[in-house]
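Asks: Residues per chain are reported as follows:
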Amino acid sequence: MGIYLLRRLYQAILVLLVVSGIVFVILHISGDPLALLMPQDAPPSDIEEMRRSLGLDKPLIVQYGLFLKNAAQGNLGVSYHHGQPALRLVLERLPASLELVVTTILISLILAVPIGVLAASRRGTTVDRASLLGSLIGISAPPFWIGIVFILIFSVELQWLPSSGRGTWAHLILPAGSLALYRLALFIRLIRAGMLDIMTMDFIRTARSKGVSEQKVIYKHALKNTLIPFVTIAGMQMGSLLAGAIVTEKVFAWPGMGRLFLEAIGVMDFPVIIAWALVTSTIFLTVNLAVDIIYVWLDPRIRHEK
Amino acid sequence: MSAETAPRTMNHLTEASYAPPKARFWGCEYIPVERQLLHSFLSNKLVLGALGMLFFLLACAIFAYWVAPVDPLEQTLRARLKPPIWDERGMSPYYLGTDRLGRDVLSNIIYGLRISLLVGFISVGISLVMGLTLGLTAGYKRGFWETIIMRAVDVQLSLPLIMIALCFMVIFGQGLGKMIIVLAITGWAEYARTVRGTVLSIREKEYVESAHALGFGPWTIMIKYLLINAITPVLILSSVQVPRVIMLEATLSFLGLGVPVTTPSIGLAIARGYQVLFSGSWWASIFPGLALMLLVACINIFADWLRDALEPRSREQV
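Chains as they are written, first to last, in the working numbering: chain L, 693 to 998; chain E, 588 to 905.
Treat the hints with caution; some may be incorrect.
[Stated by the list, open to error] Covered by chain L, according to a simulated footprint, are these stretches of chain E (three or more residues, beta-carbon under 8 Å):
(1) 694–700
(2) 838–846
[What the hints assert, rightly or not] Which residues of chain L face chain E? A few of them, derived with a C-beta cut under 7 Å, are:
(3) L825
(4) G826
(5) L828
(6) A833
(7) F836
(8) I840
(9) L844
(10) S932
(11) V939
(12) A969
(13) S973
(14) F976
[Stated by the list, open to error] Some chain E residues judged to face chain L by a derived CB distance under 10 Å, without partners named:
(15) V742
(16) L746
(17) M750
(18) I751
(19) V757
(20) I818
(21) M834
(22) G860
(23) L877
Worth flagging that the hints you see were computed from the coordinates, not collected in a lab. Quick caveat: nothing in here was measured; it's all calculated off a predicted structure. We treat Cβ as the ideally placed atom computed from N, Cα and C, and that holds for glycine.
Generate the whole structure from the sequences, applying the supplied hints.
Replies: Right, here's the structure in full:
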């Protein structure tokens with residue numbers, strides 16, 4: 693188990709190295725940073741001086757080493773547009789994004805588990821059919837469009853909830869709700885399929901033949917075993933939501949990392965773009981690693997493996 | 588004759604007396620066979636309907652020039668923000684209304700679906716060929732080549748898809764061709780992993796070894812023996828990949844990072860509609876989204892059915 697986790701950790705670090713490498717190359721094919729940093733009429737000697745002081749005259753591989761060293765110290769460069777450290781700008785926006793992502797996952801989980809169980813335990817009934825149809829719509833509708841539909845219904849027509857900004861719980865409902873719809877649909881399908889799969893297994897028949905009540909078979913035996921592999925998927929969704937929330941952040945003017953990223957693209961603010969990519973992938977990898985650990989801890993078959 | 592009927596009667600009797608005990612689902616009785624058949628029939632009807640709809644949308648997209656009422660990019664200043672035809676303020680050729688610059692929503696949807704389908708099928712096709720070749724050779728040759736490819740697959744699959752696509756679009760800039768390539772790059776890894784897995788599971792089988800012994804070359808073995816077995820998983824993967832890519836295209840275009848603004852695209856149409864949402868012009872954003880949802884739902888229904896039909900015992904992986 694320890695070796696397994698070490699291998700995963702090693703893999704996560706490898707991914708971050710590759711991402712930083714790609715990002716670094718991007719930085720260098722996207723143009724001479726000095727052209728952006730120096731005034732246009734600066735004398736060539738000043739430019740050379742600046743190039744030397746920034747270490748840009750060294751070979752690319754040395755520069756990459758310097759970049760890695762700086763990155764390890766949390767220095768990802770200064771935003772061209774805001775004049776502040778890029779990493780700090782991104783991290784300032786992180787709580788807003790996390791708030792949205794965590795709420796979304798909670799909404800989807802709280803609703804998906806009972807619906808999925810109900811659909812699986814009443815297979816073929818109207819309840820099941822309705823949940824399948826609903827989840828089909830959920831996974832087929834683009835989340836940003838759902839956001840627009842929500843704004844139209846709840847903000848423009850009914851005027852119940854605000855359509856943009858962040859602050860109160862009321863601000864959170866529409867963006868999180870529209871983001872949650874896709875995950876909710878996905879989770880319902882996965883839980884339903886997992887339950888149906890588990891219900892055919894021998895240990896369920898054993899439990900039933902022992903005279904365990906159907907309620908207990910469903911919730912104690914079947915659901916528990918369905919949820920173990922489901923942890924992985926829910927965790928990965930949480931990581932990818934952080935990147936996927938960009939569109940929703942745009943639609944609802946939510947002041948998260950994604951909006952910062954979109955603004956940075958508009959003004960070609962490369963340090964911020966790089967910082968966003970690195971922060972997002974770090975969080976994604978950390979969440980996945982945590983999910984792996986939880987999975988190992990939950991599944992005794994892996995836990996007791998040597 | 589009696590010898591023929593007797594065993595049949597016997598059979599019938601034994602079958603009846605040794606019928607398997609009825610399974611029970613949480614309070615509900617085991618679903619009888621005729622209900623199952625009915626259910627399967629109904630779901631097949633759904634699949635048939637979805638397939639019919641898909642062909643209809645495909646035909647509209649292919650013959651967009653003749654189907655669309657007007658040119659999607661034509662701006663008619665006297666027909667700006669016209670509501671759909673059933674509204675009393677609606678105007679005749681603009682059945683689903685117009686946007687802020689007087690462009691017809693319906694024509695934009697039809698041409699936009701064309702772009703969606705084009706991007707979806709071509710980029711999935713490219714990533715299929717890429718992933719198939721790399722996965723096949725990785726699983727067959729093993730060694731260093733396999734390590735490199737599988738490491739690349741690991742790296743790519745451990746990052747959010749949309750993040751990779753966004754970063755590449757930022758570097759390359761807008762453009763239809765660029766987007767097709769970027770989406771193809773984001774999709775190859777899953778193909779490579781699937782194909783390699785299949786190849787590894789069958790490369791030690793006797794009939795593959797006999798092909799070796801018969802002196803077939805590596806490419807013959809890879810294509811005639813290994814690739815054939817990978818067709819089913821690749822088909823299932825593609826049916827999930829196409830709607831995913833179509834959705835990603837719409838998302839990127841909505842963000843202004845996909846196709847250029849002069850291209851009629853669903854994502855761009857929704858983005859334009861979003862700008863006029865608060866002035867009450869709901870049709871400019873709602874209808875394009877509905878059309879996209881219809882297209883993706885039809886493909887998803889087909890994909891579900893395909894997976895069930897080809898791999899009945901498989902766990903549903905959405």
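Asks: So, for every hint listed, does it hold in this structure?
Replies: Structure-based check of all given hints:
For a cut-off of 8 Å, the count of residues in the stretch 694–700 of chain E with a CB near a CB of chain L stands at 0, and the three-residue condition is violated. For the stretch 838–846 of chain E, the stated coverage by chain L is satisfied: 4 residues place a CB nearer than 8 Å to a CB of that chain, which reaches the threshold of 3. A least Cβ separation of about 9 Å between L825(L) and chain E goes past the 7 Å threshold, and the interface hint is therefore violated. Because the closest C-beta pair between G826(L) and chain E is about 12 Å apart, greater than 7 Å, the hint is violated.
Hint status for L828(L) relative to chain E: holds, with the closest Cβ pair at about 6 Å, below 7 Å. Because the closest C-beta pair between A833(L) and chain E is about 5 Å apart, less than 7 Å, the hint holds. Nearest Cβ of chain E to the Cβ of F836(L): about 6 Å, under the 7 Å cut. The hint holds. With a least beta-carbon distance of about 5 Å to chain E, the hint placing I840(L) at the interface is held under the 7 Å criterion.
Interface hint at L844(L): satisfied, since its Cβ lies 5 Å from the closest Cβ of chain E, which is below the 7 Å cut-off. With 7 Å as the threshold, the beta carbon of S932(L) comes within range of chain E, its nearest partner Cβ sitting at about 4 Å, so the hint holds. Evaluation of the V939(L) hint against chain E yields a held restraint, the C-beta minimum of about 6 Å falling below 7 Å. Interface restraint check for A969(L): the shortest CB-CB distance to chain E comes to about 6 Å, inside 7 Å, so the restraint holds.
A distance limit of 7 Å between C-beta atoms decides the matter here; for S973(L) the minimum to chain E is near 6 Å, and the interface restraint holds. Given hint, F976(L) at the interface with chain E, holds; its Cβ is 6 Å from that chain's nearest Cβ, closer than 7 Å. Annotation: interface hint on V742(E) holds; nearest CB of chain L at approximately 5 Å, less than 10 Å. Against a cut-off of 10 Å between C-beta atoms, the interface hint on L746(E) holds, since the closest Cβ of chain L lies about 6 Å away.
Taking 10 Å as the C-beta cut-off, the interface hint given for M750(E) holds, the closest approach to chain L being about 4 Å. With its C-beta approaching chain L no nearer than about 9 Å, I751(E) sits inside the 10 Å limit, and its interface hint holds. At about 6 Å, the closest approach between the beta carbon of V757(E) and any beta carbon in chain L falls short of 10 Å, and the interface hint on this residue holds. Proximity of I818(E) to chain L is violated relative to the hint, the smallest CB-CB distance being about 23 Å (cut-off 10 Å).
For M834(E), the interface hint holds, the least distance from its beta-carbon to any beta-carbon of chain L being 6 Å, beneath 10 Å. For the restraint placing G860(E) at the interface with chain L, the shortest Cβ-Cβ distance is roughly 7 Å, inside the 10 Å limit, so the hint holds. Satisfaction of the interface hint for L877(E) is found here, the shortest Cβ-Cβ separation to chain L being roughly 8 Å, below the 10 Å cut-off.
Of the numbered hints stated above, those contradicted by the structure are hints 1, 3, 4 and 20, listed in ascending order.
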